[in-house]
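> Using the hints, position chain A against chain H.
Chain by chain, the residues:
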Amino acid sequence: MGIGSSLQQPFAQHALLASTIVALTCGLMGPFVIMRRMSFAVHGMSELAFTGAAAGLLIAGNALAGALCGSLVVAGLIGLLGERESERDASIGVILAGGLGLGVLLLSFYRGFATAATNILFGDIFGVSSTQLLMLLVIGIAVVALVGSIYRPLFFASADPEVAAARGVPEGLLSIVFLLVLALTVTEAAQIVGTLLVLSLVIAPAAAARRLATSPLAIALLSLFIALVAADGGLLASLQFGNIKPTVFVTGISFFVYIAARIFGPSLMKRKNRSLNFERTVTS
Amino acid sequence: MVEVSQEATPTPEPDDRELVQFNKATMRFGQRTLWDSLTLSVIRGEFLAVLGPNGMGKTTLLRVMLGLQPLSSGAVEVENEAPRHGNPRIGYVPQQRRSDSLASIRGRDLVRFGCDGHRAGLPFFNRDVRRRVDGAIREVGAESFANAPIGTLSGGEQQRLRIAQALVSDPRILLLDEPLLSLDLPGQSQVASLIDRRCRTTGTAAVFVTHEINPILPYVDKVLYLVGGRWAAGSTEDVFTSERLSDLYGIPVEVARVGNRIMVVTAEEGVPYDLMDDEKCRLLSEIESKAHGHR
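Each protein sequence line maps, in turn, to chains H and A. Read left to right, the first sequence gives residues 790 to 1073 (the numbering used here). Read left to right, the second sequence gives residues 85 to 379 (the numbering used here).
Chain H extracted, bound-state conformation (with noise of 0.2 angstroms):
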């Protein structure tokens, strides 16, 4: 089955609506994640959305809910424990450690279709509904609004903290606020790419816009964009090459962005420093 038929169907729809919705999220709040060094943290926050996952088929045979609950309890853990940054990474390894474990018990006392396991694991974008679908773009919308509601101050407060703090910008509230929306997009991309693979989308693209430009809208646009190209590509090649998941084609196409940013990005900033340096020898 070609792409130009598979788009005709209801389901290839879905999945292209989710895929974008959840690349906008992601690389959206990648460059924050990776200025607040937050990778681990998203990391932590996906396994235990596969503990949630699972209680959540086990009680009310709803994946998506669960994970929700789930990584929202690690926010909430990570901002209670991990209150130092010495001691963030510590204190995520022990919650994620105990959360699996956690998962793994409950799975084990599911009945239901074995499928269902390894889709929590490794995404299951062609089995999203109308109603997850919806549940999706709530998210999504609920994310955008609150990143956009505080971007100023947690760019500020996540680039130059001191300062940022001098000048009244309240960091306790908006880490919070941000561990509470980085929980959102997290279950958001575990949809996609499971939640083994959720860095794939959250960090690779912003990493590899990092690598690539120095203007921080540059930076935020270039993010959305490898996100975009990761996540519906990767869906797309999965609908024309029908027998291999999605997720092997997000994660790949993020990966090897990240691989080209980081062997092409040095010689491109460098001729951009150079003109840079250029008006500098003609200015001064």
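Treat the hints with care, as some may be off.
Partner residues aside, some chain A positions facing chain H, computed with beta carbon under 8 angstroms [to be verified]:
| no. | residue |
| --- | --- |
| 1 | Leu152 |
| 2 | Pro154 |
| 3 | Leu155 |
| 4 | Arg182 |
| 5 | Ser185 |
| 6 | Gly201 |
| 7 | His202 |
| 8 | Pro233 |
| 9 | Leu237 |
Here are some, though not all, of the chain H residues that point toward chain A, as calculated from beta-carbon distances under 8 angstroms [claimed, not checked]:
| no. | residue |
| --- | --- |
| 10 | Gly793 |
| 11 | Glu951 |
| 12 | Arg1060 |
No wet-lab data here; the hints were simulated from the structure. Given the structure is predicted, the values throughout are model-derived calculations rather than measurements. All C-beta atoms in this analysis are idealised placements derived from N, C-alpha and C, irrespective of residue type, glycine included.
Leaving out everything else, chain A in the frame of chain H:
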């Protein structure tokens, strides 16, 4: 529009208006007293140098004025009010650190933080903000490198952008924490004269934390010298005397003027050395702990 504040005297703002007042201000951390009963004022346009070895509460003094830390006892007023968190009339230049999160952003973005970084919402293009950011960049002479990522700039260039960030909100009071640290000599004199010019032309007061007096000697109006809980304040001529500094350090020291430099020399450890030499700060704290033991 007519000014309605008739209850005040109709004379214009006097030039010696006090912007900061410390009144018997004391700061303690546990058993340790950083400064005791500090009484000091900073007036309009004044260049105040806060001197002393490391760990004597110089940065804490700035944090008190920023409203980030309360006093243990006594009072402090900034423009006749208790210090408050996020006061836009204070510009703050923190101690320089290597920072990954800052390395990739541009100088221009750093300066803009000082303008509207604390406001909610998205950083849309704004002509007025752009004009103010450009003005601050021009004031510190950073036009030629303001668009480069901060990580690619020299220490002096970064420090000038930091000062532009502090000036962009047009503050009455400028707090600078070791702004000359890790700068070469031309960089030091550039930054010092930049601050001095700001004080003279706009009446902004500068509280300049440093452990070395010589690079700023031509500009300083008043010094505050902090050593182990004790303090001395006044003009450089008043404070930099052998008698006063011996009293402050609790050991015999001699103040020598060599050319246009001041040296604070002690022979307490056998070999004479300059107490204001930054490499000797480590030894100094050892002497300090001995002096405390003898009292």
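> With reference to the structure, classify each hint as holding or not holding.
Do the hints match the structure? See the list:
no.	hint	result
1	Leu152	holds, 6 angstroms
2	Pro154	violated, 15 angstroms
3	Leu155	violated, 17 angstroms
4	Arg182	violated, 13 angstroms
5	Ser185	holds, 5 angstroms
6	Gly201	holds, 3 angstroms
7	His202	holds, 5 angstroms
8	Pro233	holds, 5 angstroms
9	Leu237	violated, 10 angstroms
10	Gly793	violated, 38 angstroms
11	Glu951	holds, 4 angstroms
12	Arg1060	violated, 13 angstroms
Checked against the numbered hints given earlier, the structure breaks hints 2, 3, 4, 9, 10, 12 and satisfies all the rest.
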